[in-house]
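Engineer: Given next are the chains, with one letter for each unit.
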Amino acid sequence: MPVSASSRSVERLARPLPAILPIGLLLVAGAFFAVNGFASARNLANLGLQASILLMLAMPMTLIIMSEGLDLSAGAVLSLCSVVMAESLAGGHGIASALAASIAVGLAFGVANGAMVSLLALPPFVVTLGTLGIAEGASLVLTEGNAVSGLGSGIATLYALDVFGVPFPLLVALATWLATYLLLHYTRFGTYVFAIGGNRDALVLAGAPAWAYHIAIYAFGGLVSGVAALLLTGRMNAAHPTVAIGMEFDAIAAVVLGGTSFERGDGRLLGTVLGVATITVLRNALDLLGVESSLQVVSIGALILLVIVIDSLRKSRRVQTA
Amino acid sequence: MMSGAAAVRLRGQWRHRLAGDAGALALRAALILLIGFLLALASDAFLSTANVLNVLRQASLIFLLAAGLTLVILCGGFDLSVAANLTLSACLAAGVIKSGLPPWLGVATALACGTAAGAVNGLAVTLLRLPPFLATYAMLWILQGLAFHYMGGQEIFGFPPGFRALGTGFLFGVPVPVYLMAAVLVAATVFLRATNFGQEIYAIGANPEAARLSGIPVRRRQMLVYMLSGLMSGLAAVVFLARVNAADSGMGEPLLLPVIAAVLIGGTSLFGGVGSVMGTVLGAIILALVINGMNLLDIRAQWQPLVVGVVLLAAVMVDLVGRGRRERIG
Amino acid sequence: MTRDANDGGGSGQPASPVPLLALRNVSKTFPGVRALDDVSLELHAGEVHMLLGENGAGKSTLIKVLYGAYRADAGTILYEGKRVDIARPADARRLGIAVIFQEFSLVPFLDLAQNIFLGREPRRLLTRLIDHARMHREARAVLDELGLDYDTRALAVDLGIAQQQMVEIAKALSQRARILVMDEPTAALSERESNALFALIRQLRASGVAIVYISHRMQEVFELGDRVTVLRDGRRVATLPAGEATPDQLIGMMVGRAVGAVYKRRRYGTVGKIVLDVRGLTTATGVRDVDLNVREGEIVGLSGLIGAGRTEVARAIFGADAIVAGEVQISGAVVEGGPEQIVARGVALIPENRKLEGLALKRSVQDNLLVASLWKLFPRGWYRAGAAYRHARALIDRLRVTPPAPRRLARVLSGGNQQKVVIGKWLAAGCRLFLFDEPTRGIDVGAKSEIFALIEGLVEHGAAVLLISSELTEIVHVCDRAYVMRAGRIGGELARAELSEENILRLAMHER
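Protein chains in written order, with my numbering: chain L, -10 to 311; chain H, 3 to 332; chain R, 10 to 521.
Hints listed in this document are in silico derivations from the structure and should not be mistaken for laboratory results. It cannot be assumed that every hint is accurate.
To spell it out: a stretch of chain L is covered by chain H in this simulated footprint if at least three of its residues, at any positions, have a beta carbon under 8 Å from a beta carbon of chain H; those stretches are [unchecked claim]:
(1) 109 to 118
(2) 274 to 286
Residues from chain L that keep clear of chain R, each with C-beta distances beyond 12 Å, as calculated [unchecked claim]:
(3) Q39
(4) A145
(5) V155
(6) F157
(7) A164
Idealized CB from N, CA, C, for every residue including glycine.
Make the full structure from the sequences, and use the hints.
Structural biologist: In structure tokens:
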């Protein structure tokens, strides 16, 4: 059966979106019309800022999940990077070196996670649970449980900057999206993310050092956390040791909602972006409606379960490569 | 009269026994003595009766939650939601008791809530065929969220003394939770070693497909262990509630890492089929000693998650080395 | 089975005098078995060289030596007359040797171009980013060379199995393969797809590629092959031009065992009522409309080549796989459901893969022996370690398991003893119907005899046995009668008088 060109590209684009597209559209429409205060320019601008950090976390999370892994420590590592950055700023160093320190810490955790998953073949859930504890503990120790402030105005100014009308945070988030997209589709690393998730043996047989690329996937996550700390610290002009813990849940939810599968090496960054948007909109709308954060989490949790089930149903109907 | 050959065989058996499960337990017992010895050297306060009993009480609390998790892991599964389950069960029980209803109703509520949550986990794994890590991770958030919602950011405290005795009381000089720990230890060990169910659970954990092809009703047994784990979470919730005399929506969260660490340190393999509840007791004691040690040495509480995280990873890696690496090319 | 004399290389003569690849006196030994024994083989450019041999004759070992997964213990390999050493896959790749595996090595969500160039993606000079345009262009060229019109942007997962196989070939070709090894490539293909594959192969042959083609289908041997080499027991029996051979001649060469310790049935007892009755069995795993029956007291063989569907039949009977159509009756009553229900009817399955499916290696021998009979031994559910130990001990003694230590881990036992434990598991459960799937695979000769003695003991006590085996002599010397499967169906049934290796092979290989 000959495989034609045009049908493929359309199907390719539409393939992973089914779950998120109708849900997302419904939610946005619902929020737009039914929720008071949602459609105001101010609120929407706020949404964009809120979504930025989540978007940054969700980009590498997409890659990690594509490789049949998970990173539960992302939120804790982000908090720790933020603390490190804040301590550096409070100590009088410039933004550049503070950023460097933050990235170094993020990378360290990323490489540690990756090494344990790739080289020791330990289950990602347990490994990143452990590093979650370590990162959280480190944050608490460094700050004694208190917020770090006195950072000067530099970082807050940066955060509030408008670059050609685009808020700085959004710019950074979009740049992360772009970078992830380039990595995934234009580098060997990205190709191998698909391979590690879809058929790791094929990669090994092809002679590539799969173990190294596997580590790199988690390292990338750590790197991005380090950069995202810039936004987190800038937003509050302070660092709270545990503020971002739990954000990984939203990131994972966004990736899963966006159609990336846990077991097939199938991923769509666009889907993740839509997932991020959906979750941000959902949370915002529920906030405006007065629904408290705990129930928001419950509904997102239920949503994840639903989408996972849909995903496995779709998987069983697919023709699989052996 | 035993023939020479039979005598040799018997002695050989004992050697093998020692190298196996009993040996692993002895190792952990030795580790406990070692840590105890070091702590006694480091701090005068360690060897006081009050402190030792405190360690045992703390270990009991960890163990009650870890026992159910042990069952689930032995059967080849996992449960990330045990702590959140404890939180929700405790909060519901607190609400019931505080509203004037008899404490035993509160206890029943906690047990029912725990078991129900466990049942949902079980259904997700057996019926929906979700990977256990994933399903229980989602449940973690759902249960946590429900607890937040129910508590509305408030605390509930101040329970009747009779109820509190479950957590803080002494019986013949020994803390009540320790008796509960002993009771659960005996019950769980009997269940695992002296019933067909227990044998089947080990079989499923060791090789689920071979168990299925041997006629074992795998899904029914998995459902059972998840429900038992939930029940244990409910029980632990009661004892914990009685001990701290307060319920808030964050009470269970700091327990997750220590509980998992206790199970793994106790020698239960993450991959299933190997381990014991006795090992978890020893693991819980080790964790309790570590935490107690940090307190005695005036190490700030902030270090605890970090130390436990390191301990957890160390336990996982030791488990790996002990069981032999999983095959991985490249 | 017509041969067009105008096919490329029709006369069977090699295109060039110096062989592209020559193996001289190559041997490969594993503990206990000589997989390749002094094998010499020559491959010429532009020929399709068929490799024939029954299961275990050494074909897959030969392939692994060719592509570097194994290293020959003795002998030399010459590439275009020069000595080479193939120690690992990279060496074979460098020589232009490519293997098309039966399990496909495509990444599902990468497109065809990415799959073809996996590990060798072309990159732009300056930015080191992947040069998609070039990758797709070159992929397009390779596909065109093979006459395939697939879109290079199609995802591997969207292709059918036959097409995936074509892409595998394209992948090999793009690595400038000069020697292509194909292991039963048409096993999963329809007739139309097979023909497309053949056309491709002829094309490759015409362009000078040497193709080593392993097949169990006589038809293919004569339709496609230029020369045929027959392996048996690790030795090369003969190499001859396809035009000069006949099917019977080839079968005769494949069969005919070296004299060795073959188990001979002690006695053929009286046969009782039907215990297992299968009608119209069809499954999603490839079983098509299978009818068979087994009676008390008889050992019925289920023979056929690998992939014919024998294991799938056993699994379907046992409830391990779902039945799409047809029914299974045990002692006259229709049975349904999974293994739990089937075991309750007294049926036992000794699976093909004893380590993965038959045993829990990290548990003790005792635990493994009793796992299927817990509720029979302890009906109230109270497991007693002492009684369990005694039961296990009794089984160990009866089966002569060594070492006779119930508390040892199953992992440390030898293959033969592990198999005894798997069998023992069902003895304790009191089964009446035993499904054996390759019970003597990977077991030394001494243990094989013991296992067969055990099996014969079972039927002597009135049990019914279905025996799946790839070793033809086993079927011939142990069974009362045998069914032969072919491509998911029953190819034929042989009564005791008709039981011979030739007859089995004939029925198994698409021959009448």
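Engineer: Does each hint fit the structure? Answer for all of them.
Structural biologist: Outcome of the hint check:
1. Requiring three or more residues with a Cβ within less than 8 Å of a Cβ of chain H, the coverage given for the stretch 109 to 118 of chain L holds, as 8 such residues are present.
2. Against chain H, the stretch 274 to 286 of chain L contributes 6 residues with a C-beta closer than 8 Å to a partner C-beta. That satisfies the three-residue criterion, and the hint holds.
3. With a closest Cβ-Cβ approach of about 31 Å to chain R, Q39 of chain L is found to remain outside the 12 Å limit, as its non-interface label requires.
4. With a closest Cβ-Cβ approach of about 36 Å to chain R, A145 of chain L is found to remain outside the 12 Å limit, as its non-interface label requires.
5. Every CB of chain R is more than 12 Å from the CB of V155 of chain L (nearest about 25 Å), matching its label as outside the interface.
6. No Cβ of chain R comes within 12 Å of the Cβ of F157 of chain L; the nearest lies about 27 Å off, and the non-interface call holds.
7. The Cβ of A164 of chain L lies farther than 12 Å from every Cβ of chain R, with a closest approach of about 17 Å, so its non-interface assignment holds.
Figure legend: structure checked against the earlier numbered hints; every hint is met.
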